Structures are given as structure tokens and as C-alpha cells.
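Quick mapping for you: the protein sequence lines, in order, are chains Z and Y. Just so you know, my numbering puts 48 at position 48 of the first sequence, and the rest follows in order with no gaps. Numbers in my numbering are just positions in the second sequence, counted from 1, shifted up by 114.
Simulated from the structure, these hints should not be mistaken for laboratory data. Any given hint might turn out to be false.
Capping the alpha-carbon separation at 25 Å, the derived lysine-lysine pairs in PhoX-like fashion look like this [claimed, not checked]:
(1) Z/Lys2 to Y/Lys155
(2) Z/Lys42 to Y/Lys154
(3) Z/Lys42 to Y/Lys155
(4) Z/Lys2 to Y/Lys154
(5) Z/Lys42 to Y/Lys136
(6) Z/Lys70 to Z/Lys2
(7) Y/Lys136 to Y/Lys166
(8) Y/Lys136 to Y/Lys155
(9) Y/Lys166 to Y/Lys132
(10) Z/Lys67 to Z/Lys56
(11) Y/Lys155 to Z/Lys70
(12) Y/Lys133 to Z/Lys70
(13) Z/Lys67 to Z/Lys2
(14) Z/Lys70 to Z/Lys56
(15) Y/Lys133 to Y/Lys166
(16) Z/Lys42 to Y/Lys133
Label-pair ranges, simulated between beta-carbon atoms [what the hints assert, rightly or not]:
(17) Y/His140 to Z/Ser68: 37 to 43 Å
(18) Y/Thr169 to Z/Pro114: 44 to 50 Å
(19) Y/His191 to Z/Ser20: 41 to 47 Å
(20) Z/Ser69 to Y/His187: 39 to 45 Å
Please read these numbers as outputs of a predicted model, since none were measured by experiment. The C-beta atom is built at its ideal place from N, Cα and C for all residues, glycine as well.
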Amino acid sequence: QKEVEQDPGPLSVPEGAIVSLNCTYSNSAFQYFMWYRQYSRKGPELLMYTYSSGNKEDGRFTAQVDKSSKYISLFIRDSQPSDSATYLCAMSADGGTSYGKLTFGQGTILTVHP
Amino acid sequence: ETGVTQTPRHLVMGMTNKKSLKCEQHLGHNAMYWYKQSAKKPLELMFVYNFKEQTENNSVPSRFSPECPNSSHLFLHLHTLQPEDSALYLCASSQDTGTGYNTEAFFGQGTRLTVV
Chain Z
1 QKEVEQDPGP
11 LSVPEGAIVS
21 LNCTYSNSAF
31 QYFMWYRQYS
41 RKGPELLMYT
51 YSSGNKEDGR
61 FTAQVDKSSK
71 YISLFIRDSQ
81 PSDSATYLCA
91 MSADGGTSYG
101 KLTFGQGTIL
111 TVHP
Chain Y
115 ETGVTQTPRH
125 LVMGMTNKKS
135 LKCEQHLGHN
145 AMYWYKQSAK
155 KPLELMFVYN
165 FKEQTENNSV
175 PSRFSPECPN
185 SSHLFLHLHT
195 LQPEDSALYL
205 CASSQDTGTG
215 YNTEAFFGQG
225 TRLTVV
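Model the full assembly from the supplied sequences, consistent with the hints where possible.
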């Protein structure tokens, strides 16, 4: 069993739709949860970061963490064609140097069409 | 322009060649990482360096040899690779202050490696 499971998609939605991306995980030691966005031929860039359980909102993006269910989500409201990318969930057990020691999901390919 | 620069962007090498990937970070970070991204697989952590010292080797074959001469530079030396080593190799950096405040991991754009 993979430590982090993420549906690779691809996911195709019309512009303006609400997008829901999800990951499940098995390691209960994870307490830092991130979402990275990766455009084609680029490196991943951090989109959202959440510590432990709870919600975090940043503009059109909302990240949710439910540690009891070992389930994290990223919601994108009013999706735009520029949101078309691969979305990677990532997790870490500790801070410090472990902050960069991330366990990633496979990534979900998202296409938002006009 | 990213604060983490990787060169070359693309590399094609034969199985008997020796080549090196270079990573430079301009962010003043003290931790650097090599990740491997293969098609249809999650990013895999390969090596971790903290203050130039290797703190983690994630069971990486010895045909991959990292080097960290200072906190700003990281190399990955490659020799006698296999076609299955073809992948995107990503470098990342972060700051560990040891006081509980940490920064996100910033990634470079990667080196697309093809082994023929």
C-alpha cells in the first residue's frame, strides 16, 4: 500500500467550476500537509500548507485536513484555464529538515477548459 | 525566475557515460534535497543535505552520487545508469532555523534525464 494515495485523473472541468482534489494517507505521523502545483516543464510550487487538522483558505483555494480520517482535500473555486496543471499533495512528519522531506501523492492532472 | 536553478535542463546520456547535475539555490537556505520524478509515479526523495552534511540517503543505488560542497550548491554525479533511471530530477531547498520556524521547500525546474 502506498503511503499517500492520490487519483491521477485526468480531471477535466469547465471554466468556473468548483474543483475538488483529494488524497488519503496511511502514516499517522504526518502532521504537515501541503499542496503543490506543477505546470508542464516546471518544478512544483507550493500552493497551500496546513499544519494538523483544519481548514485554510487563500483566495480561490481552500485546503482541508481531517487527520481522524487521514484525508486531505484542496478545493478550487471559480476555476480558470490558468489553473490547468498537475496538483500534488505532499506530507511531512516533522518540521526542521524534515520540512523538505516530503512524501508525495502521484499527482492529479487538471484541465480547465474555457 | 526561481530561487533554485538547475542545469542542465535536459540531458541525454549513454549507459557508460559519466555526467553531473548541478543545483544552485539563491535563497540562503541551509537544507537541500534531490528528488526523482518518474512518469506515473510520485516524487521520490533521494538525498537530504543539512548544512552540507548528508542526513538521508533513501536507499538510492550507488550509481547516483551526491555532493554538497557548500549550502548553496548541490550536485548529483551519475555513472553507469540504466534506462529506467530516465526521469525528471528535481532539486529543492528549505531553511531549518532549529527554532521551530521553517520555510517551505522550494523546487528548481528540474533536469530531464534520458538514459539511452
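These are the hints, each one checked on the structure:
no.	hint	verdict
1	Z/Lys2 to Y/Lys155	holds (11 Å)
2	Z/Lys42 to Y/Lys154	holds (16 Å)
3	Z/Lys42 to Y/Lys155	holds (17 Å)
4	Z/Lys2 to Y/Lys154	holds (13 Å)
5	Z/Lys42 to Y/Lys136	holds (16 Å)
6	Z/Lys70 to Z/Lys2	holds (13 Å)
7	Y/Lys136 to Y/Lys166	holds (15 Å)
8	Y/Lys136 to Y/Lys155	holds (23 Å)
9	Y/Lys166 to Y/Lys132	holds (23 Å)
10	Z/Lys67 to Z/Lys56	holds (14 Å)
11	Y/Lys155 to Z/Lys70	holds (21 Å)
12	Y/Lys133 to Z/Lys70	violated (41 Å)
13	Z/Lys67 to Z/Lys2	holds (17 Å)
14	Z/Lys70 to Z/Lys56	holds (17 Å)
15	Y/Lys133 to Y/Lys166	holds (21 Å)
16	Z/Lys42 to Y/Lys133	holds (22 Å)
17	Y/His140 to Z/Ser68: 37 to 43 Å	holds (41 Å)
18	Y/Thr169 to Z/Pro114: 44 to 50 Å	holds (47 Å)
19	Y/His191 to Z/Ser20: 41 to 47 Å	holds (43 Å)
20	Z/Ser69 to Y/His187: 39 to 45 Å	holds (42 Å)
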